[in-house]
Amino acid sequence: MKSFIEYIVSIFKGLWTLLTGMKVTAKYFFTPWKHLTHQYPENRDTLVMFERFRGEVIMPHSEKNEHLCTGCGICEINCPNGSIEIISKSILTPEGKKKRIIDQHIYHLGMCTFCNLCVKACPTGAIVMGQKFEHAVWDRAKLTKVLNQPGSVIAAGVKE
Amino acid sequence: MAFNIYDFTTLTHNIHVGLAESFSPFVATTIEWVIVGVVYLLFIAVFGLFLVYAERKVCAAFQQRLGPMRVGPWGLLQTIADFIKLLMKELIMPRKADYFLYNLAPYLVIIASFLAISVLPFAPGLQSMDFDIGVFYLTAVSSVGVIGILLAGWSSNNKYSLIGAMRSGAQILSYELSVSLSLMTMVVFAGTMQFSAIVEGQRDAWFIFSGHVPAIIAFVVFLVAGTAETNRGPFDLAEAESELVAGFHTEYSGIKFAMFFLAEYINLFIISAVAATVFLGGWMPLHFGNLESFNHVMDFIPPFIWFFGKVLFVIFIIMWFKWTFPRLRVDQILTLEWKYLLPINLVNILLMALVVLTKFHF
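Chains A and B supply the protein sequences, listed in that same order.
Position one of the first sequence corresponds to residue 1 (the numbering used here), numbered consecutively onward.
Position one of the second sequence corresponds to residue 1 (the numbering used here), numbered consecutively onward.
Be a bit skeptical, because a hint or two may be false.
Said to hold, decoys possible - As a list, the in silico EDC-like pairs of lysine to aspartate or glutamate whose alpha-carbon atoms are at most 20 angstroms apart:
id	chain 1	residue 1	chain 2	residue 2
1	A	K27	B	E292
2	A	K145	A	E134
3	A	K23	B	E55
These are calculated hints, taken from the structure and not from any lab test.
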């Protein structure tokens, strides 16, 4: 008798779980405005990528053409594919001290897997992940980028 | 020629009289056969294409996607493009396959669908065969398709095809019981096996309302078993993509594959049409006992719209099943049938017999 009751109960439990699943999909079906697919080339002007999207590595510059990069080379060491090359140079500070600063932060987009390790490792937060994703070019050489803008200097007060 | 969208009896009668006047009876009958055949072919082709499109759109909506959007407005021409592509594909035949059976199998499958569709009443007068044992005939011919599936699996000379076909055979044979028994429940209630009479019996109230509890149980059981009979998800382990490539039609390409594909969707239509006819009143409009004006308004909607509306509703429910539930294992499928659906069905028939005997229905 006990097993018979269990059998009956299992039928209704099973039905209930099936209905629960159907409720979830019904909610998806009847709220078409919440659908996730974008009509990509058509909505290009209004398309906003989500915040965590990793499109490319960029180095933000302030209006005074200042960046935060000290040229320490930690990002270069951390990159698993060798897509970052740091070329530094020595300058004389006004106090007459020798100082190594960044000359060219070279970024090979074609080799990058967007793993985010360089951004995590950067001690000053000089590089971040950008939102741009249309990277197709006709010439492979265009995939090698220099991240620091010409004539840019390191912002004052960045700890080395 | 009088044309009435509420009753096609006069139209078909006029065509018959017109043909019989100008031809000998033999030629007239042959022409009628050809007309009926061509109409069914056209209907199957067009409705099959529409169902493939609907399936892709419904599936997409259940998964928060958009589905086909590029070919034509809202992707409406997508399935036509797919079909043209299928027609242009090469017909590949595996070496050492059984030539005769391999080529015969797709036709057997589609012929079974053709035979089954012929007894369905689309609207008053739009029914090519009206047997007095219509329900029995339908359950008989709809299971002929499994022979085609078994032949396809056997003759392809491919282990995946064979396993898929055997699974499909076991599944269809088991679930045929539940389909037949749940239809039998409604036959007990209706008192007839003739489809036109079953529809006529629902003039005052659809069987799912007038038969109350046992009819609703039979409807649910029929939906589950019917989904399994058409080899659709969650019971689609005959063509389980992850383990069997594509099941029994792995080796088929081009138009022969299109036959299997079309037969699958036509079977979906047949199961839904039977559910709509036996439980939801077929082409009969929605009537409530004594609401005269409401019944009158409902009568204005043409019967074939009622029929297709109900069929599309049932098809939507079956698609809902497919895109919600995960696929069952073989043992789970057989457990569901033999330990759950069959006992429920047998008890349900008893219940229905009691309801009919005690006249405890509306």
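We went through each hint and held it up to the structure:
Simply put, A/K27 and B/E292 have alpha-carbon atoms about 36 angstroms apart, too far for the 20 angstroms limit, and the pair is violated. Among the hinted pairs, A/K145 with A/E134 is consistent with the structure: their alpha-carbon atoms are about 15 angstroms apart, no more than 20 angstroms. For the proposed pair A/K23 and B/E55, the alpha carbon gap of about 19 angstroms is at most 20 angstroms, so the pair holds.
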